[in-house]
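Listed in order, the protein sequences are those of chains W and H.
With my numbering, letter number 104 in the first sequence gets 104, and the count goes up by one each step, no holes.
With my numbering, letter number 94 in the second sequence gets 94, and the count goes up by one each step, no holes.
Hint data in this document are derived by calculation from the structure and do not stem from the laboratory.
Watch out, some of these pointers could steer you wrong.
The calculated lysine-lysine pairs, modelled on DSS-like cross-linking and capped at a C-alpha distance of 30 Å, are [what the hints assert, rightly or not]:
| id | chain 1 | residue 1 | chain 2 | residue 2 |
| --- | --- | --- | --- | --- |
| 1 | W | K105 | H | K22 |
| 2 | H | K22 | H | K92 |
| 3 | H | K12 | H | K92 |
| 4 | H | K79 | H | K92 |
| 5 | H | K79 | W | K41 |
| 6 | H | K30 | H | K79 |
| 7 | H | K22 | H | K12 |
| 8 | H | K12 | H | K79 |
| 9 | H | K30 | H | K12 |
| 10 | H | K30 | H | K92 |
| 11 | W | K41 | H | K30 |
| 12 | W | K105 | H | K30 |
Spelled out, the chains give:
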Amino acid sequence: MSLGGGGGGRQQLQELSQQIQALEEEQAELEDEVESLQEEKREADEAIEALNTIETGSTVQVPVGGGAYVRAEVEDIDEVIVDLGADYSAERTREGAIESLETKKETLDERIEDVREEIAEVEEESAQLEQQAQQAQQQMMQQQMQQAQGQGDDE
Amino acid sequence: MQGNLPPEAQEKLEELQDLQEKAQTVAAQKQQAETQLSEAETALDELDEIDEDTVMYREVGELLVQTDYDEAAEDLEEKVDNLEIRVQSLEKQETRVEDQFEELQEELQNMLGGAGGMMGGGPGGA
């Protein structure tokens, strides 16, 4: 890696630092995405737990917001509306709804795995750039020392 | 730094920066279309697993409006087809912008006598 003069080295360092910063931002965004996918998975788990707990005729308290609840009775546990994605939902039995939620969890796991791989790639790229930046810095310092020595010899 | 460049080179550099922004926009649009496509495909797969007499609902704002299985299947298939075309078109656009970027980058490097240190990376680069 040739750096040319001291100005070129400084410029290269600046570019590397900008690239590293961009990669760090990308990594933070991807980590947020993993967090949000995990949250979605936790919600699916909670829904499965609720479906396994309540029965037809169960009394439940339905949240209406602001920490307030209204009492309701489950008319039919085999009439569950479950989201299929792409703006569609289907009315399913309890077992069917749990099945859909399990499938959703598997899809989320795959997505989490993909995003984690992306994070690993970004980390690797970032580490390489940091190494390049260190080398560039060392080279620049050496050049400055050589220049200083040269000036000293002239005097 | 840019202030020291000849006007023609500065113009090319600005074009290059515009192309980089365009590439990022296209990449984001492609990612969004791919996500929507994957969601529609998953919903269609799910639909295959359930009975055809299942009551279906379509989300309209906060409401769930009742619809039927066939209508949902037809709509989702159409959605998948349209999104596939959109992803393909965005891929082509992405390639076109990358080619333009490389061409312009080479022109600028030639103009500056091969001093291309300031233009590392491709248009879609982080």
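Now the hints, each set against the structure:
no.: 1; hint: W:K105 - H:K22; result: 35 Å, violated
no.: 2; hint: H:K22 - H:K92; result: 13 Å, holds
no.: 3; hint: H:K12 - H:K92; result: 23 Å, holds
no.: 4; hint: H:K79 - H:K92; result: 20 Å, holds
no.: 5; hint: H:K79 - W:K41; result: 25 Å, holds
no.: 6; hint: H:K30 - H:K79; result: 15 Å, holds
no.: 7; hint: H:K22 - H:K12; result: 15 Å, holds
no.: 8; hint: H:K12 - H:K79; result: 40 Å, violated
no.: 9; hint: H:K30 - H:K12; result: 26 Å, holds
no.: 10; hint: H:K30 - H:K92; result: 10 Å, holds
no.: 11; hint: W:K41 - H:K30; result: 25 Å, holds
no.: 12; hint: W:K105 - H:K30; result: 25 Å, holds
Of the hints listed earlier, those the structure fails to meet are numbers 1, 8, in rising order.
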